[in-house]
Amino acid sequence: MFDLFATLPDTAMLSRMQFAFTISYHIMFPTITIGLSLYLAFMEGMWLKTQKPVYLQQVKFWMKPFAITFGMGVVSGVVLSYEFGTNFSKFSEVVGPVLAPLLAYEVLTAFFMEAGFLGIMLFGWNKVSPKVHFAATCIVALGTVMSSFWILAANSWMHTPAGYEIVNGQFQVTSWLEVIFNPSFPYRLSHMLLASFLSASLLFAGVNAYYLLKGTNKEFAKVGFSTSMFVILILTPVQMLVGDFHGLNVAEHQPVKLAAMEGLWKTEKGAALRLFAIPDQENETNHFEILIPKAASFLITHDVNGEIPGLDQVEEKDRPQVAVVFTAFRVMIGLGGLMLLLGLSGAVARYKKRLFDFKPLLYLSVAMIPAGVIATLAGWYVVEVGRQPWLVQGLVRTADVISPLPAATVAFTLALFVVVYSSLFVTYIYFIRKLILKGPPSLDEVQASLINPLLDGHDDLPATLNPAQVDIGYSQELSEYLNKQDQHKQDKGEK
Amino acid sequence: MDIALVYLLLIVFGILVYVLLDGFSLGVGILSPLLKNRDNKAIAMKSLSHIWDSNQTWLVFGGVVLFVGFPIVYSFVLSNLYLPIILMLVALIFRGVAFEFRFKADRSQAWWDLSFSLGSIIATFCQGLILGALVGDMSSTKTLDDPVDWLTPFSITTGFALLSGYGLLGACWLVRKTEASLQVVAKKLALKLLFLMLAFFVVVSIWMLVDQPAVAERWLSFPGSLVLLPLPLLSFFFSYRLWSVLREEQEPGLKPLGYAMGLFMTAFAGLVVGVFPYIIPGRLTIWEAIAPDKTVYFTLVGILIFVPVVITYNIYLYRTFSGKTSMKDGY
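Going down the list, the protein sequences come from chains A and B.
Last residue of the first sequence? That's 501 in this note's numbering, and every number before it is there in order.
Last residue of the second sequence? That's 343 in this note's numbering, and every number before it is there in order.
If we strip away everything but chain A, and leave its shape as in the complex, we get (with noise of 0.2 Å):
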């Protein structure tokens, strides 16, 4: 009979995909909702200083994509916290007096924080005063930032270790500074905070495109599109460069990870940039390849004759997936070419004053919606199947240290992960989707929100809401509600 658990591959290679699945799964809505909050924080801020309500518009419709996707971030970040533990126990046990303590700043200083303030940031709108509202927005979105610290602080550690000493088998701190602050983590920081930022931007511009498009929320559409378009336009070269100094870090400590994303199976002088190829990690060669010569040299060495080594440095067993790293690598730099050049066209029809009618440039939004997402899950498969064989760089190998499972039981729990995850993002995006062409609230009932039903009167509100001192341009609804609540003060007064 066909034996299903004889085809199953072996306990680590389904702990690694069970990881990579749920940690993959995880970094998109963190990727998202870390540039999102600033977003908020933004609008909400502008909202506080130039009491313009189309600021306050824009709190209160981003809120709701962001809460969902935050949430997601929450309830599939947990799973992560155990899973350590759960498929690799013996790395937790040999690593763990180093990593442990980052995680543990992680929940004091950001887990605690974002999941508290969030709270008041939903559903404290007329419980707290605007200012202790707009605190609580900064807060979240500092958590969001100071989470992302710790955790690539611990991520970097895993691929240049730093301040360490191994003691009977176990690794301990000597330096905790350098432990922190090992050699790849601004780099690996700056990279991916960027990454976050762009990623929301594009979700953002896309978002307010399609508005813009369909002819509905335009003055609301072009306030999110200004903002998001001159985000990309600046960001996108600074992140350009940043990744640039990554790349330089990584020939610098990993050169087998930098000859796997180049493709670059022996130790060549003047080695010829890439463009194209298929790697075949048997063979030891690439099919198919398009070069442009020289340049991988010039661009890491900063020399044209300038030696890169090749793959060969190390033993066949001490190299990672090269077709990976490389493709994932690829897919990574064009996206990011397609963001320079919806920078730059945006500020060419920004210059044109085309910028919220001219369609090729809305549909590019449009269409770009994912693309910060997917270059940022890219990048990771770059550094971390480039990482193989390596849990730590050099020192800590993953087959050695995962749980001893039965395969059966890591390939349910995988089963049960993927068809649990699938459902949920598909529901994901189901209300995304529907939240979006709901649009987002009227002007009127921006304001009406703001009111808060236990206060007695309303003397004390800013004259563009008193009625008593306006007498145009308010909705009928806005016009009730504030009635009622006279009405209601009347009433008080007679008893």
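Hints may be right or wrong, so weigh each one.
[To be verified] Dumping the calculated EDC-like pairs for lysine to aspartate or glutamate here, alpha-carbon to alpha-carbon at most 20 Å:
| no. | chain 1 | residue 1 | chain 2 | residue 2 |
| --- | --- | --- | --- | --- |
| 1 | A | 96 | B | 158 |
| 2 | A | 444 | B | 118 |
| 3 | B | 306 | A | 171 |
| 4 | A | 224 | A | 363 |
| 5 | A | 359 | A | 225 |
| 6 | B | 340 | A | 451 |
| 7 | A | 133 | A | 363 |
| 8 | B | 116 | A | 451 |
| 9 | B | 340 | A | 450 |
| 10 | A | 96 | B | 157 |
| 11 | A | 96 | B | 300 |
| 12 | A | 133 | B | 158 |
| 13 | B | 306 | A | 184 |
| 14 | A | 440 | B | 118 |
| 15 | A | 228 | A | 363 |
None of these hints come from the bench; they were simulated from the model.
Mind docking chain B on chain A? Use the hints.
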């Protein structure tokens, strides 16, 4: 003070806070199917929307403090109890996303109510299994290489015991946050669950005393039993006060939840006393498992600074949303 002991206390504190806070959140989910009409279910769920995430964060806190203080225990427990832990995490996902989707859905509301309650029930049962597996295993002479048997009559009993306990906390929370007919329902449920939980409490205690000589030794010997006497007395006091306050007509406010939490704390303290100084019951003591100094002191600084801050703003959060939950609450 002994740093291993400090970390044991921190973990006990973290788990206790988690059990008390997420206990009532999960409890509301457990009771949700009993609330019959959809508006009641919505109110019950809304009473938690602003705090479930904060409450659940204590689970992550407990996990990472264990990871910092006793990495060997973290790796042992999580890999040995692989299935119940993964199932708990998946159940918590269903519970968590229900809060986001329930109030944005039109046609699928009933499904999200189901996701909320089923997620809460499975997560709670798994936590009970995990607890029972670790505590029930302690009398054996096993080493760290032997697997933990997590599906036993004892662990299944503790699974149901925890369902009744969280249910009680959830009912008491609803007494605080709801009015009129829903509050009456919550009070009735709380009374029933109080007796159910006490029954489980007695069964599990006797089971442990009979099955595990080490526990019996600690609880039944003289003068040890005299020192420990306040614990059962306190649980009797809390149960009695809870019973009488639930039977009164007037608004009981926070009192039922307070007494129910008191009852939980005494039960929890009794458990810790029975197991001490083991961190993996019967196999490894806290002193054998504690992580290197550099690791534990560095993290202790952060815990001592930030945990009080966290508690402060969480109190602020509870006070901000202290009133009765209304259908209008939301965003």
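Here's how the hints hold up against the structure:
1. Proximity of residue 96(A) to residue 158(B) is assessed by CA-CA distance (about 15 Å); at most 20 Å being required, the pair is judged to hold.
2. The straight-line distance between the Cα atoms of residue 444(A) and residue 118(B) is roughly 13 Å, inside the 20 Å bound, and the hint therefore holds.
3. The straight-line distance between the Cα atoms of residue 306(B) and residue 171(A) is roughly 12 Å, inside the 20 Å bound, and the hint therefore holds.
4. For the suggested pair residue 224(A) and residue 363(A), the alpha carbons sit about 11 Å apart, so the restraint of at most 20 Å is met.
5. Only pairs whose Cα atoms come within 20 Å are accepted, and residue 359(A) paired with residue 225(A) is accepted, the gap being roughly 16 Å.
6. The hinted pair formed by residue 340(B) and residue 451(A) meets the criterion: a straight-line CA distance of about 15 Å does not exceed 20 Å.
7. A C-alpha spacing of about 41 Å is found between residue 133(A) and residue 363(A), which places the hinted pair above 20 Å, so the restraint is violated.
8. Among the hinted pairs, residue 116(B) with residue 451(A) is consistent with the structure: their alpha-carbon atoms are about 18 Å apart, no more than 20 Å.
9. Restraint check: the Cα-Cα separation between residue 340(B) and residue 450(A) comes to about 18 Å, which is no more than 20 Å; the hinted pair holds.
10. Pair hint residue 96(A) plus residue 157(B) holds up; C-alpha atoms about 13 Å apart against a cutoff of 20 Å.
11. Between residue 96(A) and residue 300(B), the direct Cα distance comes to roughly 17 Å. Compliance with the 20 Å bound is thereby established for this hinted pair.
12. With a C-alpha separation of about 54 Å, the suggested pairing of residue 133(A) with residue 158(B) is violated against the 20 Å cut-off.
13. Between residue 306(B) and residue 184(A) the CA atoms are separated by roughly 13 Å; this keeps the pair inside 20 Å, and the hint holds.
14. In summary, the hint linking residue 440(A) to residue 118(B) is supported, as the alpha carbons are separated by about 11 Å, within the 20 Å threshold.
15. Our distance criterion of 20 Å between C-alpha atoms is met by residue 228(A) and residue 363(A), whose separation comes to about 10 Å.
Consistency with the previously given hints fails for numbers 7, 12, ordered from lowest to highest.
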